[in-house]
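K.L.:
Build the complex: two chains, separate frames, hints provided.
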Amino acid sequence: MSMTGGLREILGARTAASPPAVARIVIGMAAVVKALYLGLVILPRMGADRIRLPVVEWLPPASVGLTVPVLVVWIIAAVCFTIGWRTRIAGSVLVATMVAIQLLDEQFYSNHLYLHSLLVLLLTIADSGAMLSFDARKHGSRKTIPAWPIVLCCVQLSVVYGYAAIAKLTPEFLSGGIIYEAWSLHGLLPLPEPLRRWEVMAPLAVLAFLSELFLAFAFWLDWLRRLAVIVGIALHGVIILTMGSPVELSIFAALMFSIYGVFGRRLDPPSGTPVPARSVGT
Amino acid sequence: MRESLPPASDPDFAGAVRFRAVVRGVPEATMVVPLGSSGATEMPSLAAKRATAPEVTYPSGIGIRIDSSPSRSTRPQSNSDARQPEGAEERPSATSCRTAAWTSGELARALVFVIYITLQATVPLRAFVADIGHDRYSWRMYSQLLIHPEWVVTLRDGSNGSIPIGEYSIHPRGEIDWESHYPAHICSVVSGAREVWRPATQFTPEVHFECQ
Numbered sequence: 001m002s003m004t005g006g007l008r009e010i011l012g013a014r015t016a017a018s019p020p021a022v023a024r025i026v027i028g029m030a031a032v033v034k035a036l037y038l039g040l041v042i043l044p045r046m047g048a049d050r051i052r053l054p055v056v057e058w059l060p061p062a063s064v065g066l067t068v069p070v071l072v073v074w075i076i077a078a079v080c081f082t083i084g085w086r087t088r089i090a091g092s093v094l095v096a097t098m099v100a101i102q103l104l105d106e107q108f109y110s111n112h113l114y115l116h117s118l119l120v121l122l123l124t125i126a127d128s129g130a131m132l133s134f135d136a137r138k139h140g141s142r143k144t145i146p147a148w149p150i151v152l153c154c155v156q157l158s159v160v161y162g163y164a165a166i167a168k169l170t171p172e173f174l175s176g177g178i179i180y181e182a183w184s185l186h187g188l189l190p191l192p193e194p195l196r197r198w199e200v201m202a203p204l205a206v207l208a209f210l211s212e213l214f215l216a217f218a219f220w221l222d223w224l225r226r227l228a229v230i231v232g233i234a235l236h237g238v239i240i241l242t243m244g245s246p247v248e249l250s251i252f253a254a255l256m257f258s259i260y261g262v263f264g265r266r267l268d269p270p271s272g273t274p275v276p277a278r279s280v281g282t
Numbered sequence: 001m002r003e004s005l006p007p008a009s010d011p012d013f014a015g016a017v018r019f020r021a022v023v024r025g026v027p028e029a030t031m032v033v034p035l036g037s038s039g040a041t042e043m044p045s046l047a048a049k050r051a052t053a054p055e056v057t058y059p060s061g062i063g064i065r066i067d068s069s070p071s072r073s074t075r076p077q078s079n080s081d082a083r084q085p086e087g088a089e090e091r092p093s094a095t096s097c098r099t100a101a102w103t104s105g106e107l108a109r110a111l112v113f114v115i116y117i118t119l120q121a122t123v124p125l126r127a128f129v130a131d132i133g134h135d136r137y138s139w140r141m142y143s144q145l146l147i148h149p150e151w152v153v154t155l156r157d158g159s160n161g162s163i164p165i166g167e168y169s170i171h172p173r174g175e176i177d178w179e180s181h182y183p184a185h186i187c188s189v190v191s192g193a194r195e196v197w198r199p200a201t202q203f204t205p206e207v208h209f210e211c212q
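These protein sequence lines map, in sequence, to chains C and X.
If you count the first sequence from 1, position 161 lands on 161 in the working numbering, and the numbers rise without skipping.
If you count the second sequence from 1, position 45 lands on 45 in the working numbering, and the numbers rise without skipping.
Do not take every clue at face value.
What the hints assert, rightly or not - Stretches of chain X that chain C covers, calculated by requiring three or more beta carbons in the stretch to come under 8 Å of a beta carbon on chain C:
#	region
1	140 to 154
2	163 to 176
3	195 to 206
In short, the hints are calculated from the structure, not lab data.
We put the beta carbon where it would ideally sit given N, CA and C, even for glycine.
Same shape as in the complex, but just chain X (with noise of 0.2 Å):
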């Protein structure tokens, strides 16, 4: 008499081991050992086996899958995939036994996770949006022509010099609103400077500015 057993192609099974043996006045009898269900039933040499097997990665698919047994990479991703023997009740899955509520550590983590991407994925959609060449946070490297055309002082004796905008900044940034600080800035440090101007090119307006 031969036990009813889910057929050899059963993928829920792949990390069993089958013995087969003569029983008397039983041709042929089979037993299945499911690894990792208790020590004892484990044999000793693919215990071993498992404890020194090298850590392997995923052959495919992208590359975030929780692993939850050895042989989970031969075996469906979810319960419902897997075919149970008739009768036999669900068992649960390293999923389904964490089915309580969320800790506070746990919601604590999941709005951190969240609220990064969230931020980290739309921030930088504000530049594209608004259509701004150079913004913080957005990841804008090298894409857009930095360009600082040179301011000019216009003295009170009526002489002009022009001036670079490294002149009187430490560090010329793209992102940097220069139209609304470098001209008052230019008024402190320039004695006797009258009206600071840029005359307009083909990607930046003109600016006047009088000095107070």
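Pulled out of the complex, with its shape left as it was, chain C reads as follows (with noise of 0.2 Å):
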């Protein structure tokens, strides 16, 4: 099969609705969470004596006469993200509201949020309203969905593992500096005293370093999937403990999680293409 032929059967494929429809209530509500934090973290340090640094020069300075409306239709379009009401028009709006945020100022922007924001328009390009919905409810459930935008989603998933492996090939990260700094300063649980020595930080990093690497290839592979999520989770549950700022963390897994669940579905070919036929007795 040719590279254009592969393309385009994976352009009109389609896949099931249902796991990308979970994903979408994940991130939903994880969406309703980041605005609520951005709002209780961000707004009282938004003084008149900050520095402001906008993304983009025409745009005003990030105050908080501009914020909390920008927040408060985040919000209102993640919940119609999530209970699926109007769901393309709520994703669109979700994430123009979260590109706004970032462009507003240069502090706003993380890793997280970026990734939130193309994983919401992501579902919102894949129809994941299609079930476990208000329109579903509305219109009818529809059993698949296209799944270019979910085999995006995937590929999306291996990059940030893959990536954040890649830069973790460092001597600062892998000599195991860096965990120890974050979590002896802002850790949930606090460094145990016999943990904290080099001989356990250093194979801790190369630990943290070979799981991202293979999260990023396993969840590709059939045989390799299950560990992959166990692995994930056991990941996740360590970053969080450890590395400080433990809402941003948790969504941040909550959204990892959530494309876990869309890996090694079915792909079908659109309704209506020809089946094969063999004639009787030949």
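P.N.:
If you want it as structure tokens, here you go:
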């Protein structure tokens, strides 16, 4: 099969609607929590004496008066996206508010928010409201949806884990220094005294690197997928407990877990594609 | 007389049902009824079984495969792999049935698909090529130490005061070029500031900024 033929088959294929619908619900709820978190953490720091760094020069500087309405629209859109009410409109508005927040000020950017907006965008394109939604109750649910945005979600997961692993191939990370600093200064769990040694921290750092590298590839292989889920849950659990910012890291974990469920689903050709027939008795 | 048939091991017949019958004058005859060719030839029990068949995942390989029929998993993946009986015309597959020109919708989807993957694969490379410690859109979470040395402001009366990065910032992200923005901002918010500077560290250069 040629490359364009393969691409065409993926673009025309359909996949089960229920895993992306579950992902939509998880990611939508995470968006509500994220907006509330931003409101509670960022807004009190937006005094007039704080520096403003708009990403686009012609945008007005971020202010409480400008940020609050954007966050309110964000929350409304996230709730609608979660329950699947006018899902595509809600998803589009949610992506727009997430992008707006990131454009308002360089200080609002985070890898997690960037990932969040990408996944909402892909699930909006994928028509993830086809099941488990108010839209489905009103117009009837569909068992399949276009597969290519879901394939992109899977690619996105591999890109995130893969580049996060490659970026850790530095002496300062592999020495365990970064894990030590983050855990000792910000960890939810206190760093036990016996572990405050490089002989422990360095292997932990290598394990973190190997885990992320493994997760970048393992979900694509049926025989490794279950192990990948276990490794992923363990990795994110340790990250939440040791690296600080537990709310943000829990949201990040929820985003990644929601994508775990869409891997390994069958891709069917579009309806109406003729099935090969063989004459009787040939 | 036996009909000419492909061998029983032919994988292309995995989705077919073989019937054997004894016909007068013919010791043994075999008829092959392909499943899925039409509703009339399909056995009701099998049709019901197919309709209620649970969704399956592929047993091996990289999770993305196109399935064109329930028996596809046991078939060769391309027509060229399938053995055809001599003289038989090559049958169109689900793929070759769709060899028409690309529609504008397909082209648009293809463009989005390819651009998305290209951007996601290449943009993070920028940080590696340019050796940027913290970079947006590069997925470099917790891979670098985030060090914000304190800034020092010298007032017109000659006194000094230290200012941490969090004092006048909303969120001191590592991707931001603080050397270019923060000193000027300190000058604007600290009354009587004459100079803002930051001593060199192992990771950051020394910075001096004269307030206007």
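K.L.:
Failing hints, ascending?
P.N.:
Number 3 - this is the single hint that the structure violates.
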